[in-house]
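Novice: Below are the chains, spelled out letter by letter.
Protein chains: 2
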Amino acid sequence: MKQVERWGLFEIAVKGPSAGNPFTEHHIEGAFTGAQETVRAEGFYDGDGVYRVRFMPSFEGEYRYEIAADFLVEPVNGAFTAVAPSGGNHGPVRVAKQYHFAYEDGTPYYSVGTTCYVWNHQSDVLIEETLKSLEAAGFNKLRFCVLPKHFDYNLHEPRSYPYEGTPMDSSVLTDDNYYDYTGDRGGNRFDKTRFNPEHFRHIEKCILALQGLGIEADLIMMHPYDRWGFSQMSHAEDALYWNYCVARFAAYRNVWWSLANEYDILKAKTLSDWEFYADVLVKKDPYRHLRSIHHCIYQYDYSRPWITHCSLQRPAQVAADYRTQFGKPVVLDEMSYEGDIPWPWGNITGEEMVRRFWEVAVRGGYPGHGETYLGHRADLNGRETDVLWWSHGRKLYGESWKRVRFLLDVMKQFPGHGLQPQRDMFNVSMAAPEGEFAEAKSAYLIYYGIMQPREGVVEIDRATPYRVELVDTWNMTVEDAGIHKGRFHIPMPGRQYMVLRLTRVDGQER
Amino acid sequence: MKQVERWGLFEIAVKGPSAGNPFTEHHIEGAFTGAQETVRAEGFYDGDGVYRVRFMPSFEGEYRYEIAADFLVEPVNGAFTAVAPSGGNHGPVRVAKQYHFAYEDGTPYYSVGTTCYVWNHQSDVLIEETLKSLEAAGFNKLRFCVLPKHFDYNLHEPRSYPYEGTPMDSSVLTDDNYYDYTGDRGGNRFDKTRFNPEHFRHIEKCILALQGLGIEADLIMMHPYDRWGFSQMSHAEDALYWNYCVARFAAYRNVWWSLANEYDILKAKTLSDWEFYADVLVKKDPYRHLRSIHHCIYQYDYSRPWITHCSLQRPAQVAADYRTQFGKPVVLDEMSYEGDIPWPWGNITGEEMVRRFWEVAVRGGYPGHGETYLGHRADLNGRETDVLWWSHGRKLYGESWKRVRFLLDVMKQFPGHGLQPQRDMFNVSMAAPEGEFAEAKSAYLIYYGIMQPREGVVEIDRATPYRVELVDTWNMTVEDAGIHKGRFHIPMPGRQYMVLRLTRVDGQER
Numbered sequence: 001m002k003q004v005e006r007w008g009l010f011e012i013a014v015k016g017p018s019a020g021n022p023f024t025e026h027h028i029e030g031a032f033t034g035a036q037e038t039v040r041a042e043g044f045y046d047g048d049g050v051y052r053v054r055f056m057p058s059f060e061g062e063y064r065y066e067i068a069a070d071f072l073v074e075p076v077n078g079a080f081t082a083v084a085p086s087g088g089n090h091g092p093v094r095v096a097k098q099y100h101f102a103y104e105d106g107t108p109y110y111s112v113g114t115t116c117y118v119w120n121h122q123s124d125v126l127i128e129e130t131l132k133s134l135e136a137a138g139f140n141k142l143r144f145c146v147l148p149k150h151f152d153y154n155l156h157e158p159r160s161y162p163y164e165g166t167p168m169d170s171s172v173l174t175d176d177n178y179y180d181y182t183g184d185r186g187g188n189r190f191d192k193t194r195f196n197p198e199h200f201r202h203i204e205k206c207i208l209a210l211q212g213l214g215i216e217a218d219l220i221m222m223h224p225y226d227r228w229g230f231s232q233m234s235h236a237e238d239a240l241y242w243n244y245c246v247a248r249f250a251a252y253r254n255v256w257w258s259l260a261n262e263y264d265i266l267k268a269k270t271l272s273d274w275e276f277y278a279d280v281l282v283k284k285d286p287y288r289h290l291r292s293i294h295h296c297i298y299q300y301d302y303s304r305p306w307i308t309h310c311s312l313q314r315p316a317q318v319a320a321d322y323r324t325q326f327g328k329p330v331v332l333d334e335m336s337y338e339g340d341i342p343w344p345w346g347n348i349t350g351e352e353m354v355r356r357f358w359e360v361a362v363r364g365g366y367p368g369h370g371e372t373y374l375g376h377r378a379d380l381n382g383r384e385t386d387v388l389w390w391s392h393g394r395k396l397y398g399e400s401w402k403r404v405r406f407l408l409d410v411m412k413q414f415p416g417h418g419l420q421p422q423r424d425m426f427n428v429s430m431a432a433p434e435g436e437f438a439e440a441k442s443a444y445l446i447y448y449g450i451m452q453p454r455e456g457v458v459e460i461d462r463a464t465p466y467r468v469e470l471v472d473t474w475n476m477t478v479e480d481a482g483i484h485k486g487r488f489h490i491p492m493p494g495r496q497y498m499v500l501r502l503t504r505v506d507g508q509e510r
Numbered sequence: 001m002k003q004v005e006r007w008g009l010f011e012i013a014v015k016g017p018s019a020g021n022p023f024t025e026h027h028i029e030g031a032f033t034g035a036q037e038t039v040r041a042e043g044f045y046d047g048d049g050v051y052r053v054r055f056m057p058s059f060e061g062e063y064r065y066e067i068a069a070d071f072l073v074e075p076v077n078g079a080f081t082a083v084a085p086s087g088g089n090h091g092p093v094r095v096a097k098q099y100h101f102a103y104e105d106g107t108p109y110y111s112v113g114t115t116c117y118v119w120n121h122q123s124d125v126l127i128e129e130t131l132k133s134l135e136a137a138g139f140n141k142l143r144f145c146v147l148p149k150h151f152d153y154n155l156h157e158p159r160s161y162p163y164e165g166t167p168m169d170s171s172v173l174t175d176d177n178y179y180d181y182t183g184d185r186g187g188n189r190f191d192k193t194r195f196n197p198e199h200f201r202h203i204e205k206c207i208l209a210l211q212g213l214g215i216e217a218d219l220i221m222m223h224p225y226d227r228w229g230f231s232q233m234s235h236a237e238d239a240l241y242w243n244y245c246v247a248r249f250a251a252y253r254n255v256w257w258s259l260a261n262e263y264d265i266l267k268a269k270t271l272s273d274w275e276f277y278a279d280v281l282v283k284k285d286p287y288r289h290l291r292s293i294h295h296c297i298y299q300y301d302y303s304r305p306w307i308t309h310c311s312l313q314r315p316a317q318v319a320a321d322y323r324t325q326f327g328k329p330v331v332l333d334e335m336s337y338e339g340d341i342p343w344p345w346g347n348i349t350g351e352e353m354v355r356r357f358w359e360v361a362v363r364g365g366y367p368g369h370g371e372t373y374l375g376h377r378a379d380l381n382g383r384e385t386d387v388l389w390w391s392h393g394r395k396l397y398g399e400s401w402k403r404v405r406f407l408l409d410v411m412k413q414f415p416g417h418g419l420q421p422q423r424d425m426f427n428v429s430m431a432a433p434e435g436e437f438a439e440a441k442s443a444y445l446i447y448y449g450i451m452q453p454r455e456g457v458v459e460i461d462r463a464t465p466y467r468v469e470l471v472d473t474w475n476m477t478v479e480d481a482g483i484h485k486g487r488f489h490i491p492m493p494g495r496q497y498m499v500l501r502l503t504r505v506d507g508q509e510r
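Those protein sequences? They're chains A and B, same order as listed. Going left to right, the first sequence walks through residues 1 to 510 as the working numbering numbers them. Going left to right, the second sequence walks through residues 1 to 510 as the working numbering numbers them.
These are calculated hints, taken from the structure and not from any lab test. Treat each hint with caution, since some may be false.
[What the hints assert, rightly or not] Looking from chain A toward chain B, a few residues come up when the C-beta cut is under 7 Å (computed):
#, residue
1, G61
2, P342
3, L374
4, I450
5, R454
[What the hints assert, rightly or not] Just the calculated beta-carbon pair ranges, DEER-fashion:
#, chain 1, residue 1, chain 2, residue 2, range
6, A, T174, B, A136, 28 to 38 Å
7, A, D506, B, S170, 48 to 58 Å
8, B, P415, A, V282, 53 to 63 Å
9, B, P493, A, D152, 51 to 61 Å
10, B, R495, A, R288, 39 to 49 Å
11, A, T174, B, G482, 53 to 63 Å
12, B, V125, A, G435, 31 to 41 Å
13, A, D152, B, R495, 18 to 28 Å
14, A, D461, B, T166, 50 to 60 Å
15, A, E459, B, V125, 34 to 44 Å
16, B, K15, A, E459, 55 to 65 Å
17, A, E459, B, T166, 49 to 59 Å
18, A, K97, B, H235, 47 to 57 Å
Think of the CB as a built atom: it goes at the ideal place given N, C-alpha and C, for glycine as much as any other residue.
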């Protein structure tokens with residue numbers, strides 16, 4: 001019998017009609033039944049007369065399946081066994097402890113992601129380099145777009161289009177008209193009822209490559225940076241697109257759904273459109289992957305029940321406020337970019353980016369990295385142009401990415417699962433273990449941010465002894481500062497970006 | 001005939017009774033009449049049987065005066081001439097153009113102050129050093145306290161007390177009780193109906209010394225950092241104090257009234273107390289010196305008509321918001337301190353302080369400097385202790401004070417009088433000349449703050465040509481970047497803290 005890992009991808013391919021428009025004229029779906037679940041999943045047409053249905057088993061053991069399609073006289077039946085997951089496979093990421101995340105097997109997941117909007121639309125060579133850079137940095141989430149992107153530094157053609165047809169001639173773009181969020185500039189000839197399966201197969205390769213590196217694929221399903229009209233499709237075209245994507249992508253365990261990047265500047269869409277897309281996900285994704293939506297100016301209502309976590313373009317400091325307001329995990333997916341481009345969101349220093357990482361972390365949220373350094377020219381799809389991590393991936397030139405693993409290590413070493421923001425006095429942020437009662441007082445991180453004191457003055461209470469460590473978040477060092485209780489004064493180096501880490505040592509800690 | 005400068009100080013001394021309590025039992029006042037004004041001013045007892053009445057003429061020309069007192073059988077009459085002011089004398093500072101300041105002779109005054117809370121309560125040697133440091137830096141306003149201060153790094157005895165009597169023994173203070181805003185700790189023996197005139201004479205010397213350097217004396221009349229009970233006096237004692245201070249200080253042209261530092265943590269006082277003090281100032285200060293009040297957490301209502309300007313302990317960014325809300329000048333008197341002490345408001349870098357200067361300036365407000373570097377030990381009133389600029393004055397050790405003159409120069413060179421905040425997009429702040437209609441487009445300052453772009457992209461309109469200069473606010477350099485119009489790209493160095501200065505050059509500028 002065929003075997004697939006628990007949380008692996010099981011796929012059945014069926015031959016069917018290729019005449020007419022198989023994307024709209026035929027329907028295929030499967031039912032997958034094991035001892036602990038029965039899952040119905042829709043399939044999709046993959047070109048060349050091949051239809052596929054995919055399934056991700058959530059349990060180990062024997063499964064039976066039955067594939068039905070309008071063009072099948074008899075259902076296709078079969079069986080397979082879901083075996084124990086291999087080493088790096090912990091299942092999909094879920095919300096855990098209300099404000100945090102864990103893989104389905106219970107392993108805590110501390111999200112520190114980055115963004116390469118269209119790394120997947122570049123050449124194979126560039127994609128390989130991006131994967132190496134991601135692995136070197138230790139990021140565990142990547143935001144990127146299913147659809148191609150039209151924006152500064154990104155006016156070239158993508159490697160493929162999602163639909164059959166031909167794009168406009170981009171050489172007609174001028175400095176006056178290239179960037180105005182108008183979508184279709186004319187001259188595009190796409191049939192938005194006929195997908196280009198190769199476009200999607202390639203994205204799946206990218207999702208799998210990330211999965212191999214332990215990186216969650218935060219798929220941006222729609223975005224406004226468009227010259228082809230993909231941001232202005234009709235309701236029927238949208239419905240087709242969303243259903244097709246769910247049928248193709250949902251069985252990959254490392255997928256997250258980001259309904260949009262900057263949804264509020266997709267001028268052709270209304271709130272009811274977004275709620276409709278969410279409804280497709282809720283009804284059609286059998287695995288309930290994480291779902292959120294990202295904004296430019298006008299934030300979405302994160303209290304909507306389908307939204308699993310806040311996905312913010314906001315200052316680092318707001319993490320704790322959003323926890324309070326929405327009672328969900330808070331991911332700061334965009335806090336500006338380390339870089340040197342003119343766009344005002346794209347030119348902070350490495351120090352400032354790392355400061356934002358830590359501000360978010362001690363306020364109980366999860367930070368997102370980004371980089372936009374200019375001046376690193378390379379051959380990109382045959383054209384000399386700038387290659388920026390933020391858009392194309394490839395290489396990291398900044399300083400902040402080097403500090404990601406250290407942050408993750410400190411988060412993992414902290415007792416319990418996740419950080420819970422404590423009192424915040426004049427920008428000194430302090431965190432305790434999530435879910436711990438205040439009287440437990442087992443551990444604290446005190447983050448000094450831009451402050452450069454020569455000593456830290458701490459008082460948790462009069463009696464509890466703490467092992468104190470001085471953590472330099474920029475130089476990535478940890479120094480023992482001894483055991484203290486009561487009100488204690490810890491010598492500090494008069495530099496920025498320091499943390500005091502306190503760990504209770506009287507045997508009363510949980 | 002006696003002569004005094006316009007806005008100089010004219011004083012009449014009269015012998016009177018010294019028995020009993022001259023501070024409460026006798027009253028003296030004067031009427032001063034010139035061609036353009038008649039002013040009534042209360043006098044005060046200065047000890048040793050001497051009573052004084054002071055007057056500041058607001059016009060040139062001959063004045064007659066008449067001094068009356070309960071102990072004088074006949075009024076004392078006389079005359080003097082107010083002559084033209086000497087070079088550095090421009091009169092008191094007034095609100096100008098709604099959001100800005102000018103001396104009474106019309107000369108614009110761009111406020112960039114600092115704080116040395118009790119420099120005046122230190123030794124003569126230290127005071128001399130402070131004056132030299134103030135002059136070197138170019139500050140034009142100083143905040144300091146009339147009453148002595150009890151706080152960290154400041155537990156020693158002041159050089160004098162405002163009242164007759166003896167203070168508590170400060171050696172009984174412990175780490176547990178020294179700092180709890182309780183005011184009188186016991187053991188103090190002061191008669192709060194009998195002032196110590198020497199205490200006030202000394203402050204007047206300090207006010208005059210500042211006047212000689214062109215520095216406004218922003219007198220903090222009350223504050224909570226107290227172990228003697230001066231923050232908890234009775235209503236009658238307070239009334240006596242406020243009337244005495246107004247009678248002594250109001251005729252000094254460089255005096256500003258700051259009703260309190262952190263009024264909201266003077267636990268013994270209510271809003272009606274503060275309104276009462278304001279009422280004394282409004283009724284008794286004939287010269288209508290600038291009036292404000294400073295807070296810790298709970299801001300005073302700056303819409304109160306007696307308040308001439310906002311005096312804030314707030315982040316730099318709020319300047320424009322407070323302009324909009326209150327329609328008054330906005331002075332950011334406290335934006336944390338450059339330094340390295342543990343207190344979380346006392347340890348930012350020089351770069352961050354200078355950034356805050358400029359953020360405030362381009363948002364149409366006026367910044368205040370502060371410094372709290374530790375580790376510079378000196379003999380202070382005979383005791384070895386730390387001397388911090390913030391409290392004692394003496395020497396500046398930081399980096400931000402060196403950049404004050406450069407900021408003042410840029411403000412003075414800007415067309416018109418004062419900066420008016422313009423659009424603020426993703427933290428790029430922009431200012432135009434105050435009061436200018438938007439269509440005039442005569443000049444702009446664009447401040448990039450923490451951003452480090454390799455080029456600035458600017459578009460005011462399609463047609464107007466501008467001389468563009470690249471201003472480095474940290475290195476204090478100005479480079480010509482040529483004449484440009486339309487949408488233009490200015491190469492920038494990829495460093496933080498830059499300004500683009502635009503000056504219209506088509507002859508249409510105002």
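Novice: Are the hints correct? Go through all of them and say.
Specialist: Verification of the supplied hints:
1. G61: Hint violated; G61/A Cβ to chain B Cβ min 53 Å, cut 7 Å.
2. P342: 4 Å, holds
3. L374: 6 Å, holds
4. I450: I450/A check passes; min Cβ-Cβ to chain B is 6 Å, inside 7 Å.
5. R454: At 4 Å from the nearest chain B Cβ, R454/A passes the 7 Å test, so the hint holds.
6. T174/A <-> A136/B: 28 to 38 Å: Taking Cβ atoms as reference, T174/A and A136/B lie about 54 Å apart, which means the hint is violated.
7. D506/A <-> S170/B: 48 to 58 Å: Given about 36 Å between the Cβ atoms, the range is violated.
8. P415/B <-> V282/A: 53 to 63 Å: Since P415/B and V282/A have Cβ atoms about 59 Å apart, the given range 53 to 63 Å holds.
9. P493/B <-> D152/A: 51 to 61 Å: 21 Å, violated
10. R495/B <-> R288/A: 39 to 49 Å: 48 Å, holds
11. T174/A <-> G482/B: 53 to 63 Å: 24 Å, violated
12. V125/B <-> G435/A: 31 to 41 Å: 58 Å, violated
13. D152/A <-> R495/B: 18 to 28 Å: 22 Å Cβ-Cβ, so the 18 to 28 Å window holds.
14. D461/A <-> T166/B: 50 to 60 Å: 38 Å, violated
15. E459/A <-> V125/B: 34 to 44 Å: 37 Å, holds
16. K15/B <-> E459/A: 55 to 65 Å: 58 Å, holds
17. E459/A <-> T166/B: 49 to 59 Å: Check failed, 34 Å falls outside 49 to 59 Å.
18. K97/A <-> H235/B: 47 to 57 Å: 55 Å, holds
Taken one by one, the earlier hints fail for this structure at numbers 1, 6, 7, 9, 11, 12, 14 and 17, listed in ascending order.
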